[in-house]
Amino acid sequence: MAIVAADTAWVLISSALVLFMLPGLALFYGGMVRRKNVLSSMMHSFVAIGVITIEWVIIGYSLAFGTGNWFIGGFEHIFLKGIDLYSISGTIPTYTFIVFQGMFAIITPALISGAIVGRIKFKSYIAFIALWGLIVYAPVCHWVWGGGFLTGEALDFAGGTVVHITSGVSALALLVFLGKRKGYGLDAIKPHNVTLSLMGAGLLWFGWFGFNGGSAFAANEIAGLAFITTLIAPAAAGLAWMAAEWTHTGKPTALGFATGIVAGLVAITPAAGFVTPMAAILIGLIAGLVCYRAVMFKGKLGYDDSLDVFGIHGAGGITGALLTGVFASIGATGLLLGNSHQFLLQLEGVIIAVIYASVCTILIGFVLDRTSGLKVSENEENIGLDKTCHGETAYNI
Amino acid sequence: MAIVAADTAWVLISSALVLFMLPGLALFYGGMVRRKNVLSSMMHSFVAIGVITIEWVIIGYSLAFGTGNWFIGGFEHIFLKGIDLYSISGTIPTYTFIVFQGMFAIITPALISGAIVGRIKFKSYIAFIALWGLIVYAPVCHWVWGGGFLTGEALDFAGGTVVHITSGVSALALLVFLGKRKGYGLDAIKPHNVTLSLMGAGLLWFGWFGFNGGSAFAANEIAGLAFITTLIAPAAAGLAWMAAEWTHTGKPTALGFATGIVAGLVAITPAAGFVTPMAAILIGLIAGLVCYRAVMFKGKLGYDDSLDVFGIHGAGGITGALLTGVFASIGATGLLLGNSHQFLLQLEGVIIAVIYASVCTILIGFVLDRTSGLKVSENEENIGLDKTCHGETAYNI
Amino acid sequence: MAIVAADTAWVLISSALVLFMLPGLALFYGGMVRRKNVLSSMMHSFVAIGVITIEWVIIGYSLAFGTGNWFIGGFEHIFLKGIDLYSISGTIPTYTFIVFQGMFAIITPALISGAIVGRIKFKSYIAFIALWGLIVYAPVCHWVWGGGFLTGEALDFAGGTVVHITSGVSALALLVFLGKRKGYGLDAIKPHNVTLSLMGAGLLWFGWFGFNGGSAFAANEIAGLAFITTLIAPAAAGLAWMAAEWTHTGKPTALGFATGIVAGLVAITPAAGFVTPMAAILIGLIAGLVCYRAVMFKGKLGYDDSLDVFGIHGAGGITGALLTGVFASIGATGLLLGNSHQFLLQLEGVIIAVIYASVCTILIGFVLDRTSGLKVSENEENIGLDKTCHGETAYNI
Amino acid sequence: MKYVIAIIRPERLDAVKRELKKVEVNRLTVSSALGYGEQKGHLEVYRASEYEVNLLEKIRLDIAVNDEFLEPTIEAIRRGAKTGDEGEIGDGKIFVLPLENVIRIRTDETGPEAI
Amino acid sequence: MKYVIAIIRPERLDAVKRELKKVEVNRLTVSSALGYGEQKGHLEVYRASEYEVNLLEKIRLDIAVNDEFLEPTIEAIRRGAKTGDEGEIGDGKIFVLPLENVIRIRTDETGPEAI
Amino acid sequence: MKYVIAIIRPERLDAVKRELKKVEVNRLTVSSALGYGEQKGHLEVYRASEYEVNLLEKIRLDIAVNDEFLEPTIEAIRRGAKTGDEGEIGDGKIFVLPLENVIRIRTDETGPEAI
Ligand SMILES: Nc1ncnc2c1ncn2[C@@H]1O[C@H](COP(=O)(O)OP(=O)(O)O)[C@@H](O)[C@H]1O
Ligand SMILES: Nc1ncnc2c1ncn2[C@@H]1O[C@H](COP(=O)(O)OP(=O)(O)O)[C@@H](O)[C@H]1O
Ligand SMILES: Nc1ncnc2c1ncn2[C@@H]1O[C@H](COP(=O)(O)OP(=O)(O)O)[C@@H](O)[C@H]1O
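Residue numbers (my numbering), protein chains in the order written: chain L, 1 to 397; chain E, 1 to 397; chain R, 1 to 397; chain D, 1 to 115; chain P, 1 to 115; chain S, 1 to 115.
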């Protein structure tokens, strides 16, 4: 068996697109924080590329995609042992498969960083994502995609559960240790540069076509389907968020529209290759409204998930995973086609992921809190992490 | 007949590239407005993705590409009826064809927004682009590409007429209702952030390779040709603009160079797959000079096409459409090869598009002006649309 | 023989990615200069696309890839004579090959501009890159890739020698004429907007997947290999730079991490398709440390290579070229596999490129300095080139 | 000589400059500031919640004038900066400080003629 | 009437605003500035080398007050702006300038009642 | 005590700082401003047309000094800010205002010694 050149080209470019989501995330998040923390926040995304790439090729890939058992993949491919230029996964080179999957391993912990901007120690952040990548991401990835106990059960086209639920829930769990930003609740903490965030949303959407489209692992009809649903759902979600905000506050904000887009992207992720374009409209609309409510609700509960990682990736990921079980009609059947079993499988997947990710995150957080410490001092927080952690100022005359 | 994987991969990535032109446009335009309107301006591009995507899959695609009659495609594909995973258009999945064409439907009305920044009501803008997409874009697209009366007559490789002439002319027509910005003519209204605009030009060019290259609908020699001409013509046009500015004002501006690039991109669009690389140099040079004159001329006439949509997309689109009739030599023949008939067909296409787009735009504008109203109040304009329409401030300390 | 569609798609999209590195470079460099020079600096990248594209299709391509002799390709393809739609290079259309190679010709002189920001006359810059493209780039490209005397000898997968060594060394050579910026050494000249530079680094990395991946000229296993090494080496180099900075100054900066990434990208360029992923880790780590030292050392020597073109592209390119001779194991053998001859060939290539580029640059610089003059006046430098050369201000209220 | 500091709405800057020109006050220094005062009710929206912005964008003018120009200057600013006939909260204030000396760097002139 | 200019650390702005509110000083103008003074030791890193930043970000407050409010205002700024009990270099300064007149643009009121 | 406000060209800031250091004036506050005055002729180009920019970038220095430092301070600013020997339009101005009191927040010192 040989590789198919067109599929290889498609997965390669998709991988590049997913990597591009990291600068996109850096901008999206970086624009929403205050000036004094923008580099710190962007660095959270960038350093994740560094740390997780190396971890992934050394051990992460093996844990996630080694044969292993129901829980974990094992050590057969550490240091990419046993893989060479001509190894094949499906119709593409294994090296390319490793890269594509690696991009997902990178972005997932980076998503978490949005909840904890402006107050986490940099070295603890690095330790956190490295541990989280091994303890949370690799197993869950193995369960769902790598031959573990959820493979072939819960539908997750491109990572609604593996990527978004795990990161969204972990963001919330980590707040147990990191609490609120100083000034949160007293004064409005305004985004320092909304144009950066809009640009970031643009990059994210662009990259997401690779994220979802590439998850077909071939330049085929399914890739085409995943692509069109990835266009439609975010469009619908952006409009839904905008409508909610317009009704509710009288002002349709640009950042709100962008946020709705991201919510739609999250929600369509597990469904992208399983649902029709018309179902994608519904998924988008529902996700936009659910995430809007989730974010609004946070304000009332008073916890400081600073950039709404749970409200968007957690709530959106859960919504998407469940709706996949409702609307699936292509290559799988969901509730609407009478397959209530699938819906239950989705629910099972969600519950397991929520519990596993939150418990593990609390454990990791606990250990780090007791050892290197998670939170910076009040003075450092006041001055801002750009100066205190990184010795930099983003903007100079 | 089955899809060709390589062609599918190419049109998919081209679609992503075209979508990426929307954030590009948002930056290009956003950088040129004043700080108080930057989000409003960017939002014009973003919301177009939301509104037109949904409109396109519900009805727009059917109107443009349904069988229909000489004028319009009809309703056979509303809600994408009759299309499924295995539908094929040429050598690619129909879903992919829909996406690629949808991107063009999105960007065209967004282009118009540059003329009317800082003074159009947001809800009227939304209504405008939705109506315009149905009344102007869908028919013209059907005429030229969808089997209508210009199909196979006027050459328009990737949308010189369908995209640029229609939007450029409509921009001008809309000014009938929106008039000048306050302060226009009295004080120079300076771009608030030229680096954003340069970045935007970079994104636009990058995306345009998908716009023109993808319009071959296959990863073949024609795609290769469209790609090289899309590199050459803007390069030449940028230099031409720069030379004109340098001679004329003594200063070759960065924004001018970027503007020239966009002019070249516009002009090569109808010609990209029909002309040689050397002809592309000439098209670029001519377009750069023509658009420079058009923009300069505006200053003298005193209308406020704020970001020069007519001067660039209108003038550049007309130039490109006509020059396609002059230089066509690959897969078609133009004036230089003795086929004056083609030139007349091009002229016919231009005239019809100019008249149709301007008349319809004035009608739509008239209706909206009488109902929801098009222009914001003077006070809102003074304060800026970011605050008054969107409840936001782009930059905060 | 016919083209392979998948390879064509891959090289086309790779070409677009490489073009995208130019706006990336504009941001990376632009963010690091002071506000008063940001447009001037960005313009250096943009205008290179204009000038070199036209030069390349008129004569540069012919000089580099014409049959010619050991030294230069000759004039057989000036104005792309002898090439038409159906010309083939390998498995892709020749037009596509010309485009892809043209992108390399564009970016190489643009890299140099980082050394001389804020003090070079714009018209002399244009003359410089045009001459340099003919006198330095075209021959060296011919030697290594176009059939010249180094073809098949020195390994250079995607341009470690052709692109990075030549530009890095020339940057240094040009300082002979341009000296220091005013204020250098007295006051810290701080980057005016680090977020721009981070964004730029993101764009560069994204584009570099096309740069290295596309250099396989096919969507095959080698492209997959080049892609994974282009992910790994910069990740390792970023971490290495960060570690060095952390140890040395106590602060791991965001800009430092980004700089390390670029160093890793440079160093893996010649090796990308010849080494294993594990070797890529080592190459990245070494390059990160070497470039860190090189940049630090500059500070001590007191010359003002403003944005460290030599420290990164020169030092990184040399490191990469030599390490390719050490680690090559796929499709070639290096020192570690006992082939010391290859290492010597690499060394030969490096030495020749260093000497040739520096001598020619000094000659070009000398001529320009005596004719149009290279350096702006002190007053112009004080005010900033945006205003004095381009008549613009980047940021306005 | 007096040193006049005026805090006005950004959107009135052009009008104020025009009025000042009319009374032949052709030199001034402009900077941006944030005002905190009576002015309320400017709501912004951030992710599903509204909040009141209490630091509002303002423009600050610094104008050094000779004594006989003081009244016209104040009047001009007033005319340019006032919203409607009634005025509105947030229209701003004018502060008049004593100025002891002025030096024109270019010519080394000092005092009233340097203004 | 006095015109008070205070240069404080950016991170103390919220505290100062709170303290001022307590003494019923509800109007002020904020702008950003760079301070150059005794304060040293803030090192930044740029590409493998450290350097000392000597222009530090500061916040500047302008507050016009009636005479009886002067002391409370100064005290409030002090309380809000001082780092710890000892204070630290860089905590800033307060300058008090005489103010001859104030005009409220909206109402044309002048003098103490316009403040 | 005097409160000195100087408006200078941005490109002269370094020179002025150096001159001030020579006369041992080591504390000042810098902010950015836009100047509007005699200075003309700075043309910018925006899309095929030239226009005159009349709000020009300036740097504003605020320096509080004790009386005996006033002359040296003014002289130092002059030396640093003047373009060439003749000076040029746009070189800027120095304004001297009376200063009634200074408070150093850190130490609670007041008056001349707090400067
Ligand atoms: N006493 C003051 N000291 C400093 N700045 C002031 C003072 N009063 C008003 N301002 C400035 O003037 C701006 C407009 O004042 P505003 O509160 O609208 O005035 P009023 O309500 O008294 O008419 C404020 O935002 C603030 O920047
Ligand atoms: N004499 C002065 N004139 C103008 N600004 C001053 C003066 N003294 C201090 N400042 C401003 O106050 C800020 C804090 O002063 P700092 O040097 O920390 O004061 P100190 O060391 O005297 O307590 C400085 O950064 C500067 O902006
Ligand atoms: N009377 C004034 N009030 C406030 N600012 C002034 C005044 N005169 C000059 N300036 C400031 O100083 C800058 C330089 O002044 P300029 O017009 O070049 O002075 P001149 O022509 O009188 O030598 C101006 O741009 C302005 O910011």
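Hints in this document: simulated from the structure, not taken from any laboratory.
Do not rely on the hints blindly, as some may be mistaken.
To be verified - No farther apart than 27 Å at their CA atoms in a straight line, the calculated lysine-lysine pairs in the DSS-like style are these:
no.	chain 1	residue 1	chain 2	residue 2
1	S	K2	R	K180
2	L	K251	E	K251
3	L	K182	L	K375
4	L	K180	L	K81
5	L	K251	L	K375
6	R	K251	R	K298
7	L	K180	P	K2
8	L	K180	R	K251
9	R	K123	R	K180
10	E	K190	R	K190
11	L	K190	R	K190
12	E	K251	R	K123
13	E	K180	E	K300
14	E	K81	E	K180
15	D	K2	E	K182
16	S	K21	R	K180
Unchecked claim - Interface residues of chain L toward chain E, partial, derived using beta-carbon atoms under 8 Å:
no.	residue
17	A9
18	F122
19	I232
20	A254
21	I383
A virtual CB, placed ideally from N, CA and C, is assigned to each residue, including glycine.
* To do: Find the hints from earlier in the document that the structure breaks and name them by number, from lowest to highest.
  => Result: hints 1, 2, 4, 5, 7, 14, 15, 18 and 21 break, sorted rising.
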